[in-house]
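Protein chains in written order, with my numbering: chain A, 206 to 883; chain B, 206 to 883.
Fair warning: there could be bad hints in the mix.
It does not matter which identical chain is meant; a pair holds if it fits inside one copy or across any two.
[Said to hold, decoys possible] Here are the computed lysine-lysine pairs in the BS3-like style, where the Cα-Cα straight-line distance is at most 25 Å:
no.	residue 1	residue 2
1	K735	K843
2	K735	K558
3	K556	K731
4	K491	K655
5	K731	K843
6	K362	K284
7	K558	K731
8	K400	K843
9	K745	K761
10	K756	K735
11	K556	K827
12	K327	K556
13	K491	K651
14	K362	K697
15	K827	K327
To be clear, the hints were calculated from the coordinates, so they are not data collected in a lab.
Number of protein chains: 2
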Amino acid sequence: MSGIIYPILASLVALLFVFYLAWSVLRRDAGSQRMREISLAIQDGARTFLLREYRYVTLVVILVAIFLTLGPLFGQRVKVNWETALAFVIGAIASGIAGWTAMWVGTRANSRTAQAARSGLKPALSVSFSGGATTGLSIVGVALLGLCVVYLLFGGKPVIINGYAMGASLMALFARAGGGIYTKGADMGADLVGKVEEGIPEDDPRNAAVIADNVGDNVGDTAGLGADLLESYVESIIATIAIGVSLTMIGSELVLLPLWLASWGIISSILGVVCVKAVRGLEPQKALNMGVYIAAFLMAVGGFFIIKGMGISYAVNASSYGGLGLFWALMGGLASGLIIGMVSEFYTSSKYKPVRNLAGSARTGPAVVVVNGLALGMGSTLIPVVVIAGATLLGYSSAGMYGVSLAALGMLSILGITLAVDSYGPVADNAGGIAEMAGLDPQVRKITDKLDAVGNTTAAIGKGFAIGSAAFAALGLITAYIATANSVSLEKISLQLTDPTLIAGLLVGGMIPYLFSSLLAGGVGKVAFKIIEEVRRQFKEIEGLREGKAKADSSKCVDIAARGAIHSMMFPGVLAILIPIAVGFLLGPVALGGLLVGALVTGLALGIQTANTGAALDNAKKYIEEGNFGGKGTEAHKAAVVGDTVGDPLKDTLGPSINILIKLMSVISLVLAPLFVR
Amino acid sequence: MSGIIYPILASLVALLFVFYLAWSVLRRDAGSQRMREISLAIQDGARTFLLREYRYVTLVVILVAIFLTLGPLFGQRVKVNWETALAFVIGAIASGIAGWTAMWVGTRANSRTAQAARSGLKPALSVSFSGGATTGLSIVGVALLGLCVVYLLFGGKPVIINGYAMGASLMALFARAGGGIYTKGADMGADLVGKVEEGIPEDDPRNAAVIADNVGDNVGDTAGLGADLLESYVESIIATIAIGVSLTMIGSELVLLPLWLASWGIISSILGVVCVKAVRGLEPQKALNMGVYIAAFLMAVGGFFIIKGMGISYAVNASSYGGLGLFWALMGGLASGLIIGMVSEFYTSSKYKPVRNLAGSARTGPAVVVVNGLALGMGSTLIPVVVIAGATLLGYSSAGMYGVSLAALGMLSILGITLAVDSYGPVADNAGGIAEMAGLDPQVRKITDKLDAVGNTTAAIGKGFAIGSAAFAALGLITAYIATANSVSLEKISLQLTDPTLIAGLLVGGMIPYLFSSLLAGGVGKVAFKIIEEVRRQFKEIEGLREGKAKADSSKCVDIAARGAIHSMMFPGVLAILIPIAVGFLLGPVALGGLLVGALVTGLALGIQTANTGAALDNAKKYIEEGNFGGKGTEAHKAAVVGDTVGDPLKDTLGPSINILIKLMSVISLVLAPLFVR
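Work out the full structure, taking the sequences as your base and the hints as a guide.
What follows is the structure in structure tokens.
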């Protein structure tokens with residue numbers, strides 16, 4: 206058990222650094238009275254929503270925990286019991302803490318970034334990136350520390366540790382789905398009345414939905430994304446541990462390797478963050494990229510020595526590739542993460558041809574830009590999917606299924622910094638909103654806009670990364686699921702592609718992400734509709750609002766969005782829990798295996814498509830707003846606004862939730878596999 | 206070989222009936238001078254395009270045939286040779302003849318329908334349905350007759366007969382993709398300049414792209430759909446034959462059963478068509494539905510006696526379900542075809558809530574209606590996928606893989622009438638266009654509009670049916686592929702879901718339909734853009750055109766659409782041929798198996814989604830145009846027009862082409878399987 210000390214130390218270092226970063230943000234000036242007020246309103250809204258969301262989720266967590274505790278009733282061979290339930294609860298709590306921290310810091314960094322922007326780009330970048338880094342490092346720190354606690358509590362038994370991942374996954378689903386519906390319902394509602402009907406600018410304080418929109422950025426993009434990636438991170442480590450145990454035994458080097466690599470990944474991330482903060486005179490995008498590349502380089506070097514140092518493990522035929530099979534598996538994952546990021550950037554940044562052509566097609570009207578946006582997203586699936594398939598094959602040829610799992614871990618190893626870069630976006634976005642609402646100098650808004658544009662691209666990269674890592678994590682979980690089902694089954698379970706039960710499972714599984722997306726999109730539509738009605742009502746009933754003499758009642762919109770989001774997330778969320786359980790019990794482990802893979806296959810393509818379609822449409826609009834193709838006020842711009850509004854729920858609600866859907870169904874199947882086997 | 210006489214007789218009866226139907230259409234009055242002119246222009250355009258398309262495809266057919274002839278060079282065990290090549294060429298020719306006939310009759314029935322509409326709804330329905338029935342029955346007649354020829358020529362050897370399906374598939378891909386790009390490029394181009402920019406009504410003769418739009422209906426919706434379903438039809442029969450041979454031997458009852466059932470299906474379809482034509486006083490939709498139900502009933506009764514009469518075949522464990530296992534497998538397929546039709550109708554007809562709600566959401570603007578349309582399509586995948594999975598399981602439990610294949614055949618058995626109903630739509634649509642362009646009485650246009658609205662729903666049903674049957678056909682082909690690969694391989698090929706090679710194949714396969722769709726959508730965009738430029742140019746340069754004093758030069762647009770469509774279809778088409786070959790040679794039969802299933806899994810969901818999203822958006826627009834939510838001229842209507850324009854390429858280009866993509870890749874793999882095995 207001595208090897209467990211490294212991850213504990215690394216996560217404690219991360220958390221200490223988080224305290225330092227949070228302090229460095231909080232000691233900053235929060236700006237004028239008005240800015241503080243707005244920031245406070247956003248904090249209130251975000252806190253209220255998360256509290257309410259957690260209350261509902263707690264209910265689900267308790268029900269699931271009771272169900273897990275009852276595991277032994279299903280037979281002797283079933284190893285699901287109160288221990289699993291406890292690990293599950295710890296996982297849920299860890300995810301909750303991480304999400305809460307992300308929201309807490311994010312909603313405080315926003316006004317401070319706006320204030321810093323008054324003194325220039327560099328301090329504004331510094332504050333907003335510190336906010337993002339707090340989120341990134343607190344998530345990896347909490348995740349790894351919680352995992353170590355569970356590992357120690359239950360002596361490293363994989364069957365129990367899986368419960369930890371399931372807890373994190375359940376929380377993540379509701380955080381992503383609820384946050385996603387919230388943020389896009391509020392955003393669409395705000396835009397459709399404000400920009401389109403009333404012709405007032407984005408983030409105008411007269412629009413009662415603007416605060417809700419800003420709250421949404423925090424609960425959706427920050428807390429939701431964090432919970433999502435925390436889950437992938439935990440699952441990639443746990444899957445590697447589980448496969449390691451099946452090959453050797455608990456406590457062996459192969460079992461501890463993922464924990465060691467994760468530890469070094471945290472240190473690499475911290476050093477990357479320090480570099481970003483230390484560097485001067487670079488463009489924001491370049492500074493952020495540099496940080497990620499430095500961390501990746503450190504990870505590669507450290508990974509080499511860690512694997513070299515532990516010696517060749519014959520359990521995984523690690524003599525392949527000159528004894529460095531494990532290292533190459535890790536590198537495949539790390540590299541594919543970076544490649545997916547670059548591809549996302551290429552397809553969604555207005556620096557490159559795809560978005561510029563898309564913007565140009567807006568001149569032929571909204572329908573053409575939407576169709577082209579969809580086509581762009583569909584085409585953008587090619588490279589990421591091939592890269593993931595390639596990394597899977599490389600991992601397998603290097604070190605079998607352990608190598609595949611290690612590739613997933615490689616991709617997520619420097620999550621601390623990639624997540625820091627992703628989470629910086631919403632902070633910058635919020636800062637821009639506050640600058641607008643508080644009526645700061647247009648120069649300040651220009652700086653925040655610049656930060657925000659970079660944030661849009663980093664968000665797209667983050668989403669590509671999230672779906673890629675989700676696919677990898679799900680792959681690891683599905684493999685572990687099949688192994689677990691086999692280990693408790695009396696006869697070997699065969700998942701032959703020629704088995705119609707498996708085919709039926711694959712087909713139905715392939716449909717689930719579509720069904721789930723449909724339900725979430727319906728939720729967004731409903732929330733947006735209610736928000737629109739409320740904002741319209743306020744413009745009609747509050748005298749002097751349009752002229753800026755009276756104040757809009759934004760708390761009403763915050764409440765509507767929160768209620769609507771929680772209401773709409775419950776059914777799809779519970780469905781995602783029940784489907785694998787129902788299929789497992791009724792149709793057995795083979796159909797369930799098919800279901801999981803089917804959902805993975807469509808979910809991966811659909812997830813990438815929605816993320817890139819949405820981000821490209823968003824940036825095409827921004828590109829026109831910069832003055833291209835006639836700029837603001839032209840028909841092309843109007844068409845691009847429609848395109849952006851279509852893309853918004855695709856990229857921020859549907860796409861991201863699919864990641865978690867895939868992972869949650871897989872981890873539930875993994876934990877409950879013993880129950881489904883006859 | 207005596208049993209082969211029935212399918213030959215049945216197909217000859219079908220073709221005789223086709224001559225009668227065609228004669229009954231052609232002897233009708235083709236209308237005024239102006240109507241004849243317009244119809245002639247459409248005929249010319251369609252003929253020119255198909256000829257040009259066939260010229261390019263012939264080149265591909267010759268290349269592939271040469272490749273097949275060289276099969277023996279790859280080794281002794283490989284049974285691909287000049288016989289396969291000959292069957293392949295016959296298949297391509299059969300598909301070409303069927304597509305040509307469909308186009309030939311369709312483009313002549315249009316003006317005659319418009320003329321008949323002057324005397325009332327009943328005669329107009331009669332003529333347009335006769336046109337559709339000519340298409341439907343000529344396709345099943347030609348397909349079955351050609352198959353019998355190949356069967357007799359090569360003594361029923363499945364390895365050779367597969368070539369016939371591959372030929373039909375190759376033609377179908379280009380017909381669908383080329384026709385789809387043509388029809389939607391022209392349609393979008395016509396609408397965006399005509400309705401949106403110039404504010405002139407649909408089908409206004411001043412719009413130079415209107416003739417191209419009407420040509421598109423014929424080459425896309427009629428010839429393309431026909432080739433698509435011909436392929437599914439042929440493949441479901443051939444897959445059943447192949448599995449029958451593997452269980453017993455050539456010429457056994459199990460091998461002839463699919464041919465007998467197909468024969469009776471043709472007779473049932475003819476009787477159904479006669480009923481539709483004989484009935485009086487029913488609404489068009491009800492009359493058409495009645496015909497389909499009567500045919501389905503006759504098929505069920507006849508199927509029962511045919512299967513009962515051939516006795517229990519122990520080769521397929523047919524003692525299951527009281528000795529009627531084969532019958533129930535057939536019924537499962539037949540019923541699932543009908544259910545998918547009903548579900549499509551429910552989601553896409555303005556008689557039901559989904560489309561009405563969608564139309565209502567248009568009041569909140571174009572973005573909301575598009576998002577809701579996408580969500581509607583995504584949600585509509587649930588039942589069809591579950592039904593197909595259920596029919597697969599029922600078929601398998603009844604009679605093993607033979608039963609699964611029989612379920613596919615059951616779904617397609619009454620294709621003669623279902624295709625008649627589908628093909629009636631474009632005829633009615635064209636008739637409306639001619640009525641408008643020839644300036645007929647608004648009363649006439651009202652009648653054709655009524656027929657067209659029904660046609661929209663039947664088209665959606667047809668598309669649901671096409672994708673459902675494609676999934677079934679592909680399933681049969683993939684099973685046959687695996688069986689063939691195993692039969693020539695020295696060691697058993699295992700397609701275990703735990704094999705990363707298979708997983709990589711699945712993931713990449715799942716991405717292919719997205720990539721393919723993206724390429725086609727890009728083609729539509731390009732063609733539409735060129736058409737728009739041309740129509741704009743004509744409005745600017747032709748004096749008096751806007752006032753209706755000068756004539757638009759529609760041949761220019763016809764030419765642009767044809768060139769553009771053929772240019773854009775070649776790359777994705779060749780890609781669809783090369784991908785399975787490349788994966789098969791480079792990564793082997795396991796990865797290829799994964800690729801095919803992956804493409805099937807996403808293709809099924811994406812195909813249903815695109816078809817229903819498009820049809821629902823189209824009918825939501827029509828529902829508003831009927832005067833709901835304010836009717837024409839309102840913001841809601843404008844938003845719905847945008848939604849319709851987004852939906853058009855989804856339902857008529859992307860969705861339908863995916864069907865064939867799946868089938869073509871599967872049939873190529875089946876034919877070439879021996880080459881990929883080491």
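Going through the hints against the structure:
no., hint, result
1, K735 with K843, "both (23 Å within a copy, 22 Å between copies)"
2, K735 with K558, "between (38 Å within a copy, 20 Å between copies)"
3, K556 with K731, "between (35 Å within a copy, 22 Å between copies)"
4, K491 with K655, "within (13 Å within a copy, 60 Å between copies)"
5, K731 with K843, "both (24 Å within a copy, 21 Å between copies)"
6, K362 with K284, "within (11 Å within a copy, 54 Å between copies)"
7, K558 with K731, "between (35 Å within a copy, 16 Å between copies)"
8, K400 with K843, "both (10 Å within a copy, 18 Å between copies)"
9, K745 with K761, "within (15 Å within a copy, 53 Å between copies)"
10, K756 with K735, "within (20 Å within a copy, 50 Å between copies)"
11, K556 with K827, "within (11 Å within a copy, 40 Å between copies)"
12, K327 with K556, "within (22 Å within a copy, 60 Å between copies)"
13, K491 with K651, "within (19 Å within a copy, 62 Å between copies)"
14, K362 with K697, "within (22 Å within a copy, 37 Å between copies)"
15, K827 with K327, "within (22 Å within a copy, 55 Å between copies)"
Hint compliance for this structure: every hint is met.
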